[in-house]
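Everything in the sequence shown is counted per the numbering used here, starting at 9 for the first residue and increasing by one.
FYI, nobody ran anything at the bench for these hints, they're computed from the structure. Don't be surprised by glycine CBs; every beta carbon is placed ideally from N, CA and C. Hints should not be assumed to be uniformly reliable.
[Stated by the list, open to error] Cβ-Cβ distance ranges computed for the label pairs, FRET-style: (1) Gln-571 - Glu-245: 28 to 34 Å; (2) Glu-303 - Arg-338: 19 to 25 Å; (3) Ala-265 - Glu-245: 21 to 27 Å; (4) Glu-501 - Ser-283: 23 to 29 Å; (5) Ala-180 - Asp-339: 38 to 44 Å; (6) Val-257 - Val-109: 53 to 59 Å; (7) Arg-246 - Glu-61: 54 to 60 Å; (8) Arg-358 - Leu-144: 48 to 54 Å.
[As the list claims (entries may be wrong)] Here are the simulated SDA-like pairs of lysine to any residue, each with C-alpha atoms no more than 25 Å apart in a straight line: (9) Lys-323 - Glu-313; (10) Lys-558 - Glu-405; (11) Lys-558 - Leu-345; (12) Lys-323 - Glu-267; (13) Lys-314 - Asp-264; (14) Lys-383 - Arg-359; (15) Lys-314 - Leu-345; (16) Lys-323 - Pro-299; (17) Lys-383 - Asp-356.
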Amino acid sequence: MLGVGLSAALVVSFLDDRSLVRGASAILERELCEHAVLLEAVAANTLFGTADEPALQEGLRRLGQQNATRYTVLDVRGRVVADSGADPDRLENHLQRPEVVAATRDGAGSARRYSTSVGDELIYQARAVRSGDGTLVGFVRVARPIAAFESVIAANRQQLLVAAAIAVAVAALMACLLARGIVRPVTHLQQVAEAMAQGQDHARASLGTDDEFAALGRALNTMADRLQVRVEEMRRERAKLSAIIGSMVEGVAGVDAEERVLHMNAAAVDMLGVSEANLVGQPLLELTRIPELHELVTAIMQNGEKASCELFIQKAEGSRVLQIEGAPLRDRDGAVLGAVLVLHDVTDLRRLEAVRRDFVANVSHELKTPLTAIKGMIDTMVDDAAMPAETRGRFLERIQRQADRLANLVSDLLVLARIESSKGNEDHQPIDLRRPVHDSCQQLVAAAQHKRLRLHVAIPQDAVTVNGEPESLRQVVDNLLGNAIRYTPEGGEIAVSIQTRAGEAVITVRDTGIGIAAQHLDRIFERFYRVDKARSRELGGTGLGLAIVKHVVLSHGGSVTVQSWPGSGSAFNVKIPLALPTGEHRMVS
Numbered sequence: 009m010l011g012v013g014l015s016a017a018l019v020v021s022f023l024d025d026r027s028l029v030r031g032a033s034a035i036l037e038r039e040l041c042e043h044a045v046l047l048e049a050v051a052a053n054t055l056f057g058t059a060d061e062p063a064l065q066e067g068l069r070r071l072g073q074q075n076a077t078r079y080t081v082l083d084v085r086g087r088v089v090a091d092s093g094a095d096p097d098r099l100e101n102h103l104q105r106p107e108v109v110a111a112t113r114d115g116a117g118s119a120r121r122y123s124t125s126v127g128d129e130l131i132y133q134a135r136a137v138r139s140g141d142g143t144l145v146g147f148v149r150v151a152r153p154i155a156a157f158e159s160v161i162a163a164n165r166q167q168l169l170v171a172a173a174i175a176v177a178v179a180a181l182m183a184c185l186l187a188r189g190i191v192r193p194v195t196h197l198q199q200v201a202e203a204m205a206q207g208q209d210h211a212r213a214s215l216g217t218d219d220e221f222a223a224l225g226r227a228l229n230t231m232a233d234r235l236q237v238r239v240e241e242m243r244r245e246r247a248k249l250s251a252i253i254g255s256m257v258e259g260v261a262g263v264d265a266e267e268r269v270l271h272m273n274a275a276a277v278d279m280l281g282v283s284e285a286n287l288v289g290q291p292l293l294e295l296t297r298i299p300e301l302h303e304l305v306t307a308i309m310q311n312g313e314k315a316s317c318e319l320f321i322q323k324a325e326g327s328r329v330l331q332i333e334g335a336p337l338r339d340r341d342g343a344v345l346g347a348v349l350v351l352h353d354v355t356d357l358r359r360l361e362a363v364r365r366d367f368v369a370n371v372s373h374e375l376k377t378p379l380t381a382i383k384g385m386i387d388t389m390v391d392d393a394a395m396p397a398e399t400r401g402r403f404l405e406r407i408q409r410q411a412d413r414l415a416n417l418v419s420d421l422l423v424l425a426r427i428e429s430s431k432g433n434e435d436h437q438p439i440d441l442r443r444p445v446h447d448s449c450q451q452l453v454a455a456a457q458h459k460r461l462r463l464h465v466a467i468p469q470d471a472v473t474v475n476g477e478p479e480s481l482r483q484v485v486d487n488l489l490g491n492a493i494r495y496t497p498e499g500g501e502i503a504v505s506i507q508t509r510a511g512e513a514v515i516t517v518r519d520t521g522i523g524i525a526a527q528h529l530d531r532i533f534e535r536f537y538r539v540d541k542a543r544s545r546e547l548g549g550t551g552l553g554l555a556i557v558k559h560v561v562l563s564h565g566g567s568v569t570v571q572s573w574p575g576s577g578s579a580f581n582v583k584i585p586l587a588l589p590t591g592e593h594r595m596v597s
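Turn these sequences into a full structure, and let the hints steer you where they fit.
Written out as structure tokens, the structure is:
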């Protein structure tokens, strides 16, 4: 096609010299356009950052020498990546060259001007190179000197008539040669490049010739091999990163500049209560419906700085407190591309802090009450020296009761502190559970008789062996039996029994007392929690007895439950694992 067009242009130029020049220029521009298309296919992967720039430079240098053509590859900022006629590092930025400006605007551009780099007037053809999604990644440019082409026209202007016939035959031959030598390899290379751009990792060029196209094909294959290796490495690294983030206890979520989800691990999905399906690409606010989270992400991206907040999330299983730390996600140039969020579930921590505050407040109140009463009565006795002996006796009796209450409170606090600071079951040893239960019943039988209560004790004849600490277990029975005596009216009944079933020893303390309302059952084992505060203080309770029971039982690997019927009584069941025979081990799940 190029030879036929050239021959036709020569015949026409014999009649009109100006038409001959214009036609020749048009032919040259089309030829340069074909070379630019070829160069675009070869240079695309280099501009994508996956090919070797020195290899491309060497290939263009040889191709330029063979074709007497200047080939240039530019990145999107106008930097010369490779040039067949000069050292790229010595060339200035080409972004404002007329042909490049036109290619930026229209996709292709041409210009005819003097080049200071090669010292000659050239005709240029430039094309924009874009990625699969349409993003501009760079430019390719092809140029040839005009003077040489015009001198050939001038030298042969006298022989055009004779050469016309020969040119037609030569053009036909050139068309065949070009079709076989240029068009076919170029088409093949273009197809391979397009396949690679579409993600076909195994696409390779297969040229049987040993010319510049074969060299370009080999360079393209080498580039594809290296690209495939890098892609595999990136896939493995991405898989490792996904596994690490997915196994984290903390929640991790990433969003882009439009607050659309880029990634969210399983922990974050659970904490925020969103569905795991179709997370990527969804707006964060639509997924979570949490305005505070949206405000945090917006502030991070607007200010470009780290930020944090705490969220209270209400879920079916209860409220949760999340502490969220966020930081901007930046590119290499520092521009904010999105945000990454790390979520910590601090529900238990906040609950423990609340328990600690309540405990300090309750201890202060419980200690202050008897101390205030003692101080008030002592001040009264001091101020009233003539106080009757009977009144003074009543005051001293009240002081004694308050002092006893204060001593019991301090004693229970020390017991509770000792239990909580214990390092497990190091002091536990095989004991007969019947002994601490029997001792407790013997110690409190007088108190039960004083209130005219009937105390029934059912202890098996055979030993009930558990691993434990005798004094602590006795204190468990003391507290349960003491509460039963304290809250059972005169004439009532109390039953204490030991049973063994399913590998556990079960201590049951049942009474016919006032009972406990259902709304209090979940909290009676909390420290200082009282169902009836006035009645409990009147009866001398410290509010720590059941808390001590719970901690002791848990330290022995057991559990404690309660059943109660208001007005009819209560039943407390303490379960402790039986000691295994020597050589056997309990399976822990």
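Each hint tested on the structure:
| no. | hint | in the structure |
| --- | --- | --- |
| 1 | Gln-571 - Glu-245: 28 to 34 Å | 58 Å, violated |
| 2 | Glu-303 - Arg-338: 19 to 25 Å | 21 Å, holds |
| 3 | Ala-265 - Glu-245: 21 to 27 Å | 24 Å, holds |
| 4 | Glu-501 - Ser-283: 23 to 29 Å | 57 Å, violated |
| 5 | Ala-180 - Asp-339: 38 to 44 Å | 55 Å, violated |
| 6 | Val-257 - Val-109: 53 to 59 Å | 55 Å, holds |
| 7 | Arg-246 - Glu-61: 54 to 60 Å | 26 Å, violated |
| 8 | Arg-358 - Leu-144: 48 to 54 Å | 52 Å, holds |
| 9 | Lys-323 - Glu-313 | 31 Å, violated |
| 10 | Lys-558 - Glu-405 | 33 Å, violated |
| 11 | Lys-558 - Leu-345 | 53 Å, violated |
| 12 | Lys-323 - Glu-267 | 24 Å, holds |
| 13 | Lys-314 - Asp-264 | 16 Å, holds |
| 14 | Lys-383 - Arg-359 | 36 Å, violated |
| 15 | Lys-314 - Leu-345 | 14 Å, holds |
| 16 | Lys-323 - Pro-299 | 16 Å, holds |
| 17 | Lys-383 - Asp-356 | 40 Å, violated |
Consistency note: the structure conflicts with the earlier hints numbered 1, 4, 5, 7, 9, 10, 11, 14, 17.
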